[in-house]
Amino acid sequence: MALAFSPDTERAFDRIVRRYPNLRAALIPTLFLADREFGYLSREAMEYVARRLELPPSWVLNTATFYTMLRKRPTGRNHIQVCVNVACYLRGADQLGDHLKKQLGIGFGEVTADGLFSLEGVQCLAACGTAPAMQVNDVYHEDMTIQKVDALIESLRLAPQTSGAATGQGGAR
Amino acid sequence: MIAIPANPGRGHLLRCGPGESILDISKHQAIGGFLALRKALSMQPAALIDEVKKASIRGRGGAGFPAGTKWSFLPKDNLKPRYLVINADEGEPGTFKDRYFLAQDPFALLEGIAISAFAIGAHTAFIYVRGEFVSEMRVLEEAIEQMRRAGALGRSVLGSTFALEIYVHPGAGAYVCGEESALLESIEGKPGRPRNRPPFPAVAGLWGCPTIINNVETMACVRLALQHGAEAFLAMGLPRDGGPKIYGLSGHVKRPGLFEAPLGLTLRTLIYDFGGGTLDDRPIKGIIPGGSSTPVLGPEALDTPMDFDSMKAAGSMLGTAATTVFTEGTCPVAVLVRIARFYAHESCGQCTPCREGTGWLERLVESIEHGTGRPGDADLLLSAANQILGNTICALGDAAALPVISFVNRFRDDFEAHITGQRCPYGAA
Ligand SMILES: Cc1cc2nc3c(=O)[nH]c(=O)nc-3n(C[C@H](O)[C@H](O)[C@H](O)COP(=O)(O)O)c2cc1C
Ligand code: FES
Numbered sequence: 001m002a003l004a005f006s007p008d009t010e011r012a013f014d015r016i017v018r019r020y021p022n023l024r025a026a027l028i029p030t031l032f033l034a035d036r037e038f039g040y041l042s043r044e045a046m047e048y049v050a051r052r053l054e055l056p057p058s059w060v061l062n063t064a065t066f067y068t069m070l071r072k073r074p075t076g077r078n079h080i081q082v083c084v085n086v087a088c089y090l091r092g093a094d095q096l097g098d099h100l101k102k103q104l105g106i107g108f109g110e111v112t113a114d115g116l117f118s119l120e121g122v123q124c125l126a127a128c129g130t131a132p133a134m135q136v137n138d139v140y141h142e143d144m145t146i147q148k149v150d151a152l153i154e155s156l157r158l159a160p161q162t163s164g165a166a167t168g169q170g171g172a173r
Numbered sequence: 001m002i003a004i005p006a007n008p009g010r011g012h013l014l015r016c017g018p019g020e021s022i023l024d025i026s027k028h029q030a031i032g033g034f035l036a037l038r039k040a041l042s043m044q045p046a047a048l049i050d051e052v053k054k055a056s057i058r059g060r061g062g063a064g065f066p067a068g069t070k071w072s073f074l075p076k077d078n079l080k081p082r083y084l085v086i087n088a089d090e091g092e093p094g095t096f097k098d099r100y101f102l103a104q105d106p107f108a109l110l111e112g113i114a115i116s117a118f119a120i121g122a123h124t125a126f127i128y129v130r131g132e133f134v135s136e137m138r139v140l141e142e143a144i145e146q147m148r149r150a151g152a153l154g155r156s157v158l159g160s161t162f163a164l165e166i167y168v169h170p171g172a173g174a175y176v177c178g179e180e181s182a183l184l185e186s187i188e189g190k191p192g193r194p195r196n197r198p199p200f201p202a203v204a205g206l207w208g209c210p211t212i213i214n215n216v217e218t219m220a221c222v223r224l225a226l227q228h229g230a231e232a233f234l235a236m237g238l239p240r241d242g243g244p245k246i247y248g249l250s251g252h253v254k255r256p257g258l259f260e261a262p263l264g265l266t267l268r269t270l271i272y273d274f275g276g277g278t279l280d281d282r283p284i285k286g287i288i289p290g291g292s293s294t295p296v297l298g299p300e301a302l303d304t305p306m307d308f309d310s311m312k313a314a315g316s317m318l319g320t321a322a323t324t325v326f327t328e329g330t331c332p333v334a335v336l337v338r339i340a341r342f343y344a345h346e347s348c349g350q351c352t353p354c355r356e357g358t359g360w361l362e363r364l365v366e367s368i369e370h371g372t373g374r375p376g377d378a379d380l381l382l383s384a385a386n387q388i389l390g391n392t393i394c395a396l397g398d399a400a401a402l403p404v405i406s407f408v409n410r411f412r413d414d415f416e417a418h419i420t421g422q423r424c425p426y427g428a429a
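Each protein sequence line maps, in turn, to chains A and B.
For the first sequence, position 126 (counting from the first letter as 1) is numbered 126 according to the numbering used here, and the numbering increases by one without interruption.
For the second sequence, position 198 (counting from the first letter as 1) is numbered 198 according to the numbering used here, and the numbering increases by one without interruption.
There could be a bad hint or two in this list.
What the hints assert, rightly or not - Taking lysine to aspartate or glutamate pairs in the EDC-like style, the calculated list, with each CA pair at most 16 angstroms apart, reads: (1) A:Lys101 <-> A:Glu37; (2) A:Lys72 <-> A:Asp94; (3) B:Lys254 <-> B:Asp280; (4) B:Lys254 <-> A:Asp150; (5) A:Lys102 <-> A:Asp143; (6) B:Lys190 <-> A:Glu54.
Don't read these hints as lab results, they were simulated from the structure.
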C-alpha cells in the first residue's frame, strides 16, 4: 500500500514548508513527521518524503542516516532511553540500566518479544541536575530510582494499547 | 558586584525557581516584559549594537566571544536577507541551563531574540532546539503564538515598522550540530558536518546569507542589558565579563541544580554554599567546571573565580559553567570512559584525526579501565590526544582531546594502578 500522510500530518507539513526559502530545509522536520506517522523511517517512508520535498532519495537517505533520533528501524511501543553520560553515571545510571535490562529481559538496542518495550543507552539528555535521567518516547523522567523505574514500567504495561500512539511517540512534534 | 541572591536559583536571568514558570504572556508583561524591546525599538540599530558592546556580553554557548563584536562582523554592503539563529542544541554533557528558558521562561528568550534581530536587521530568526526537547518545543511554539497575538511578532513588532518571524527548528540527535556551522548545515536539511571557515557565518551563513548565531542564555543577557542599561548590567558581573551567569551543578553534590550569580563566583561558593557540599561530605577528587570538554580540576582550584579569564588561567575553561563534581572513591578512568565514548560516538567523521583519534582514545581508555592496558598506554593516550588537538575543522576534536590530557595528567597514578594491577582498583569496571 502506498504511504501517505494523514490529513493532520498534511496540515503540519504545510506549516513546515512555508517557513523556509526552499524545500530541502524542511527535510528534518518532515522526516520527524514521517517517523511518527509510519512508525519509523523505512525505505518507502524515505522515498515518500523525497517525493513530497522534490529531493533526490539519496539526499534524504544521507541526512536520515546521520541523525540518531530519526529511526531507521522500529522500536518498542515504549522506547526507553537511559542516559549513560557522566552526571548520570555518577548518580547511578549503570545500576538503573542493569535493572531495566533484567526486568525487561533485553539489552540496549533490543526490543521485547511483545513489542511493548525497547531499551537504549543514550548520551547526555541535558537533565544532569536531575540525574539520573531517562526518556520514554518523548517524555523525560528525572531523579530516577530503582523504585520509580519499577513503578513506571508497571504503569506502561497497564496503559491501554492506544496510549503509545496517542501521546505522539518517537520524535513527534 | 551585586549581592548573591538570598534565594539562589532566582535572580535576573533565572526568574523562576524549580517548579515555577512564566508561560503566560501577561505574567511576563506584569514583571517588566517588553520594556527592553520597546526601548530597543526606539533606538537606532547601530546605537543598540554599541549598547550591547558596552555591556560586554560574552557568548554563553561556551566560547565566550563578545556578542556585540560578533554582530559588527556583518557586512554593511550585502543586500541579501540576514538571519538570526539561536543555538538551543544544549549538547555539551553536564549542561542543562538553556532548557530552563525553553521550558520555564520562554518570553525572556523570545524578547531577547526580538531585540537582537532588530539590532542586526534580521526579519527571520530560527531557534534550533535539540530533538529530545519535545515538550520544550511545544512550550516555545505556544509562547511564539502568544507573542504574535499580542502584536509583539509579525509584520509590525509592537506597532513599529520592524517585522519579525521566529521559527522553531528541531535537531535530531547529533551533538556536533551544536557547533555553529554544522547547525546551519542541519537547518538546510543536510548532515551536520562543520564547514570550513572563512567565510564566517556573519558573512555567508544560512543559505549563503549573513547569519548571526548566538546561544539561548546570550539572548536573555541581551534583554537584561537593555532593560537595565549596559552599566547596570556590567555591574552585575566583572568589567570584562559583563552580567550575571547561570551556573549548573551536578554529580556528587547535595543540591544539584541551576544557580544564578555574578560572573566570577568561586567554585567553592558554588559547590559548598549553593550546592550544600558533597554527598556524605566526602572530599572532592575532581571538578569538571564547564561541561565535559573542559579540563578537569582538583580541590586546589576551589577558590578560582568562575569567569572566562580566571578559569583559563587555572588551566581549564569556563565553558558553559556547568560544573560536575566527583568525590574520592570515584574511579577517574571510569569517568573518562564515559567522556571518551561520547566524543567518539559524536564525531561527524569528516576529519581523519578526529574520526580515527576519538575511536583510539575510547578503546585505549576502555582497555585501561578493564585491566587490559599495557605499560606506556598513559603516554600513548597523551600522544594520541595531542595529535587531534588543533588538527580538525571544528572544535569537537579539541573537546575530545582536552579531557583526556587533563585526566591523564591529574590522575596519572590511577591510570598506572589500573595498568600494573590489571584491574580497576575501584572495582568500577
Ligand atoms: C562540538 C561543539 C558543540 C557545541 N555545542 C553547542 C551547544 O550545544 N550550544 C551552544 O550554544 N553552543 C555550542 N557550541 C558553540 C557554538 O559553536 C557557538 O560558538 C555558539 O552557539 C555561539 O553563541 P554565543 O556566542 O552566544 O555563545 C558548540 C561548539 C562545538 C565546537
Ligand atoms: S549526563 Fe545524563 S542528563 Fe546529562
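So, going through the hints one by one against the coordinates:
| no. | hint | result |
| --- | --- | --- |
| 1 | A:Lys101 <-> A:Glu37 | violated (28 angstroms) |
| 2 | A:Lys72 <-> A:Asp94 | violated (26 angstroms) |
| 3 | B:Lys254 <-> B:Asp280 | holds (8 angstroms) |
| 4 | B:Lys254 <-> A:Asp150 | violated (25 angstroms) |
| 5 | A:Lys102 <-> A:Asp143 | violated (20 angstroms) |
| 6 | B:Lys190 <-> A:Glu54 | holds (15 angstroms) |
Violated hints, listed in ascending order, are 1, 2, 4 and 5; each of the other numbered hints is respected by the structure.
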